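Residue numbers (our numbering), protein chains in the order written: chain A, 1 to 190; chain B, 1 to 268.
Since the hints were made in silico from the structure, they are not lab data.
Note that this is a predicted model, so its numbers are computed, not measured.
Treat the hints loosely; a few may be bogus.
[Unchecked claim] If you want the footprint, here are the derived chain A segments under chain B, 3+ residues with CB under 8 Å:
(1) 45–53
(2) 132–143
[To be verified] Across the chosen pairs, the derived CB separations fall in these ranges:
(3) B:Ser116 <-> A:Gln19: 33 to 41 Å
(4) B:Glu80 <-> A:Ile8: 47 to 55 Å
(5) A:Asn39 <-> B:Thr54: 44 to 52 Å
(6) B:Leu210 <-> A:Gln19: 49 to 57 Å
(7) B:Tyr193 <-> A:Thr16: 34 to 42 Å
Each residue gets a CB set at the ideal place from its N, CA and C atoms; glycine is no exception.
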Amino acid sequence: MADSDLIIRAAGGDPTAFQALVERHRSMVYRVAYQFAGNHFDAEDIAQEVFIKVYRSLDKFRQDAQLTSWLYRIAMNACIDHRRRKSPAASTPMGEEAEQRLLNTPEEAPGPEECAYAGELGDVLEAEIARLPQGQRIVFVMRHHQGLKLCEIAEALGLAEGTVKRQLHAAIHRLRGALTAANVTAGGRA
Amino acid sequence: MTICHLQATGTIELYFYGELDARARLDVEAHLTSCADCRQALDDMRTIQAALATRPDISAPAGGDWTGFMTRLDAAIRDESESLAPEGVRFFSPRYRGRYVVYAAMAALITLVSISVAYIVESRRQLKESALAGNVSPAPKPPEPVAAAPAQEWSPDAGLVSLSEQHFERSKLVVYGLANKDAHRSSAQDWAYERQLASTLLSDTRLYRLAAEERGLKSVARVMGDLELVLLQTSMSSNPEPATLQQIQRLIYKRDLVSKMDVVVSGF
Chain A
1 MADSDLIIRA
11 AGGDPTAFQA
21 LVERHRSMVY
31 RVAYQFAGNH
41 FDAEDIAQEV
51 FIKVYRSLDK
61 FRQDAQLTSW
71 LYRIAMNACI
81 DHRRRKSPAA
91 STPMGEEAEQ
101 RLLNTPEEAP
111 GPEECAYAGE
121 LGDVLEAEIA
131 RLPQGQRIVF
141 VMRHHQGLKL
151 CEIAEALGLA
161 EGTVKRQLHA
171 AIHRLRGALT
181 AANVTAGGRA
Chain B
1 MTICHLQATG
11 TIELYFYGEL
21 DARARLDVEA
31 HLTSCADCRQ
41 ALDDMRTIQA
51 ALATRPDISA
61 PAGGDWTGFM
71 TRLDAAIRDE
81 SESLAPEGVR
91 FFSPRYRGRY
101 VVYAAMAALI
111 TLVSISVAYI
121 VESRRQLKES
131 ALAGNVSPAP
141 KPPEPVAAAP
151 AQEWSPDAGL
161 VSLSEQHFER
171 SKLVVYGLAN
181 KDAHRSSAQD
191 WAYERQLAST
201 LLSDTRLYRL
211 AAEERGLKSV
221 ARVMGDLELV
231 LLQTSMSSNP
241 EPATLQQIQR
251 LIYKRDLVSK
261 MDVVVSGF
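Given these sequences and hints, build the entire structure.
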């Protein structure tokens, strides 16, 4: 059965249709949540939140829209909301300036130097991805891990394609910096 | 040190991710032959891609077990459903309507089956009693009057007519359904349901026809006979072809069964 049919049936109160919808898309949602959160505990919370939001919004889904884009958008917003709740800034009202600050403030996580001693380049990069500002991390995860095109990311996040391009560029710039630092620390490339 | 414009504009990343059109790709490839910085940038991106590719792809909770996740989600959705709207509003909301319609249909079906069983048991008991009363006892004993109901003179004929009336009422649903069904749009499942209903009513119809013939209630017996024929044809027709249904419909119209079921018992 097509996603759109499942949505219609779920919106009409059919619990099995909603369950089928969840079972069909939970891996994708969980993958995004894990790549963003970096641990099962938060990933599960985020994925739960995504499907609760989907349930609340079943009536609002436009049948001509792509379900995966809709899910990505909800997933990314859930990731941001989750991080916001965990942040000390969560207790204060979120203005535009604060939103920008949050999106561009690196996360508190071990830096590349610390991780480099642990040896694995993958560890270094993953740690750096976790430290990326949220906007950059979301775009990088969607482009690199999910393989979405920039126009698809822009559509899913409701952003201009130019903004997405700049966020991706900034993310890769940071990751290349981490790569250089790791190689220097490990005595590789000078 | 100045950064190459392909890197400054992010074009090198678009090239890496295959987001450039053919002409732009050729331009970048031509540029790469003479720009060591851009070649290094590409190498870095390939290294990043290779390093991240070795990381496990986590797309399920620990151990790949979704049970806990689904249980939590079910509970959350249940809470969500209950808190969405007050009871009265919730009942009529589209999200709940389907569920309540199913419950209502199940309740109606159970009630219908219970009533049918009670009718059949009671009618058989009364027919048996009346038969015994007619053949053995010269003064049949009327059934116990229902409390608060006006006392009525009871006779075996009146009892049979009353039961026949009730049986016609039950059978009307099936006959109406058959008469109004679209012969070209009837599904096999739909037809199986009609057959099942017809089979259920058939033996009682035959019993009432025999009782009516025995009592000399010719008009009741005749309509029961027509009904029996329609039910028999329906229950015997395993093939839901349009021709089969059309034949049964012709029989219903030819015998004017619907009208007769309405009027036959009113004459008594």
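If you look at each residue in the region 132–143 of chain A, do at least three have a Cβ nearer than 8 Å to any Cβ of chain B? violated (count 1)
The hint says 49 to 57 Å between Leu210 of chain B and Gln19 of chain A; measuring C-beta to C-beta, is that right? Once the Cβ atoms are compared, 53 Å apart, the range 49 to 57 Å for Gln19 of chain A and Leu210 of chain B holds.
Cβ separation of Asn39 of chain A and Thr54 of chain B, checked against the hinted range 44 to 52 Å: 19 Å Cβ-Cβ, so the 44 to 52 Å window is violated.
If I claimed the Cβ atoms of Glu80 of chain B and Ile8 of chain A lie 47 to 55 Å apart, would that claim hold in this structure? About 19 Å separates the Cβ atoms of Glu80 of chain B and Ile8 of chain A, which means 47 to 55 Å is violated.
Could you say whether the range 33 to 41 Å given as a hint is met by the Cβ separation of Ser116 of chain B and Gln19 of chain A? Holds - the Cβ-Cβ distance for Ser116 of chain B and Gln19 of chain A, about 35 Å, lies within 33 to 41 Å.
Does the beta carbon distance between Tyr193 of chain B and Thr16 of chain A stay inside 34 to 42 Å, or does it fall outside? 22 Å, violated
Mind taking a look at whether chain B covers the region 45–53 of chain A? Criterion is 3 or more residues with CB to CB distance under 8 Å. holds (count 4)
Violated hints, in rising order: 2, 4, 5, 7; the structure is consistent with all others.
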